[in-house]
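Enquirer: Go ahead and model the full structure; you've got the sequences and the hints to work with.
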Amino acid sequence: MSHQITNVLLVGVGGQGILLASEILSEAAMLAGFDVKKSEIHGMSQRGGSVVSHVRYGTEVFSPIVPEGEGDILFGFELMETVRALPLLKPGGTVVANDLQISPPSVLMGQETYPMGLAERIKAQFADLLLVDGQKMATDAGNVRAANTVLLGAVSKRLDIAEKFWLNALEKMVPAKALDVNLRAFRMGREL
Amino acid sequence: MKEILSGNEAIARGAYEAGCLVACAYPGTPSTEILENTIKYKEIDSSWAPNEKVALEVAIGASFGGGRALCTMKHVGVNVAADPLFTLSYTGVRGGLVLVAADDPEMHSSQNEQDSRNYAKFAKVPMLEPSDSQECKEFTRLAFELSEQYDTPFMLRSSTRISHGKSVVELGERVTDLPLPKLEKNPAKLVMLPGNARVRHPLVEQNLVNLSKAAAKMPLNRLELRDTKIGIITAGICYQYVREVLPHASTLKLGMVHPLPHDLIREFASKVDKLYVIEELDPFIEDQVKAIGIAATGKEIISLCGELTPGRLRDAFGLPQPAGIPVEKMPGRPPNMCPGCPHRGVFFALNQLKAYVTGDIGCYTLGFMPPLSAMDTCVCMGASIGMATGVTKVVSAEEKKKVVAVIGDSTFLHTGINGLMDMVYNNSPATVIILDNSITGMTGRQDNPASGFTLMDQPTNAVQIPLLCKALGVKNIRVINPLDLEETKRVIAEEMERPETSVIITNKPCVLIKRDDVFQKGPVYAVDADKCTGCRACLKIGCPAIEWCPAGDGSKKGKARIDPLLCTGCDVCRQLCKFDAIGSVK
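Protein chains in written order, with my numbering: chain A, 88 to 279; chain B, 36 to 621.
FYI, nobody ran anything at the bench for these hints, they're computed from the structure.
Just so you know, not all the hints are guaranteed correct.
What the hints assert, rightly or not - Listed below are several chain A residues computed to face chain B (Cβ distance under 8 angstroms; list not exhaustive):
hint, residue
1, 117
2, 119
3, 125
4, 134
5, 174
6, 191
7, 193
8, 194
Claimed, not checked - The list that follows gives simulated cross-link-like pairs (lysine-lysine, DSS-like), each with its CA atoms no further than 27 angstroms apart:
hint, chain 1, residue 1, chain 2, residue 2
9, B, 248, A, 259
10, B, 556, A, 264
11, B, 549, A, 210
12, B, 549, B, 566
13, B, 549, A, 264
14, B, 220, B, 306
15, A, 251, A, 264
16, B, 556, B, 575
17, B, 594, A, 177
18, B, 566, B, 510
19, A, 251, B, 37
20, B, 364, B, 389
21, B, 334, B, 389
22, B, 220, B, 264
23, B, 364, B, 566
24, B, 364, B, 575
25, A, 264, B, 75
26, B, 524, A, 244
27, B, 428, B, 549
28, B, 77, A, 259
29, B, 217, B, 264
30, B, 594, B, 75
31, B, 37, B, 77
32, B, 613, A, 259
33, A, 210, A, 251
34, B, 566, B, 556
35, B, 549, A, 259
From the three backbone atoms N, C-alpha and C, an ideal C-beta is built for every residue, glycine too.
Expert: Here it is in structure tokens:
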């Protein structure tokens, strides 16, 4: 069954807007006529901890969490969290990652250092890596907070969901006053 | 119409469609969002109660008054609500009553992983268990109907993956033909004195026998024959993992997990070669299957601990795992108190004072984490105060002074008041710090009886915590500004010395409160790099806005930096800097 399912993992740090991005993805998949399931952990993870959101769509989805090692696309909002989630990805899977480092408490306190060369380490294991400077592109689109939408645009290009469903989902889920910037950011991402 | 709903949203929708009139709860992960969604339906009177026992009693009252009532809580909340629950099964209901217990296998945000199905059996209350959002909606609706049909409360068991998972739901309409609630006296059924209860108990037992027989024919218990070499009895989220990993196996998918449909289990067992029971946590179904004389394999291959995942199920059946890459060792990212959190300074002071801190449940439990490292116990809601009393009963006079209980405003109102009453009544010398941030923070900023607003966002009375403590008989009550480190440490030290009960109440709100006039962000702070000596004093409060920037020459030298996007201007770090290197940016 699982070969008919597309498995997307969205990972990052609590507060980065991961849940909204996964909601938009789920909505777009449903509008495109797929069965969709999504799972993540709220609660403690909101206080700046690691967040992993699973979105699965296809003809019929059973498990709401992506079976270990079967992820098709890893959508990383932060580099260290992206590397942490690589074991969930299947060999030859796709990585779309935001080129952003957010230091965890032990690094902020100077007890550990932020690992170096993470993009190269991802590239060595997953050739299909797209590294995006989401912050810069979102600033160009009009608001740095639309970085997730730039990345979502890049992810959308790699999924079998037509553009109109993405736009419908964005219109439904993004607040009206932020919609223009987000649509711009999304289109910029789609061109990557 | 179809929508993608979380399990919690779907339970709220199911209650709405069932004609539910009252919904009551105390927030608790992963159940909280159910009530945050019932408020979307104006037909439902939704409210936060101070604790789960009160929440259930409100629902029972609504039911006895003739209306359908929903009560929701996390698994450990059922412990608090257990007292009314165990007698509610004897009285039965008038309007349908559904109690949702949301379990947390793997303890994503809980202190234990108790299995609520045991409560259903123990309290003699039937229980349904949905396996996706569509079933959350349907089963909630069905539970209301069955509750009235069988004159018993119904429990609905969810879990983190069901409550917080989302899937596609077909929406329905609200029922409109329910009788209007009105008072109707029936003391023989509702006054559980021994004479009346003795009459009711046999009826409860008979009811469960009747339900077990009827359940064999209910569509929510579903026999699905595929390859009959392997047959699996399962329920809830585990059903989804079984279908994912063992798509060809036959399944008996149970929608009602108490009472079990014995006839259907026997029929299923007779049709398959080898029988398994796949369930998270306790062998609840497995033990009962074995008790009726049917051999089955379950906990030999599935752990009693933690949640199930597709990978763990593959392991249990010896199936090959996909060749993922190995896990890399990297710095962890545990949750942390927010920048500007008013709890931070209190735990910094408790650490410096080397207090023995009995802790409680809330955001402030993060005071356990380094570098604050100032929490020594955490057991359950409200436990900090009673435990502080207990500790002071056994240790030396000098050590008694070290004992401090910390508890949040919402937790104090939940089950802390009785502990404080006892502390005063029995002359404990311990110190209690009530961390009043004017909100129930950890579960996502819910209002409570001291916050001044209802769940429906209506202004209401706000409990005056200092006056409440005074009424309980506390003579020494100090209100402090927890962002003033000198004052905080001095007052805590003074009250620790005092050989009688004292209460310190902090008075700064949670930084996440969205209401305009509650939390005010101050001017952002910055580090003057010329003055910073790299002493690391400001790092000792563990603020996520302060970052250590190594000099980059391989030495241990470096300087601190403040992230202007994260800083709230709480001023705590400035008070730690001996070199006047931190100041506000005008």
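Enquirer: Of the numbered hints stated previously, which ones are contradicted by the structure, given in increasing order?
Expert: 2, 9, 11, 12, 14, 17, 18, 20, 21, 22, 23, 26, 27, 29, 30, 32 and 33
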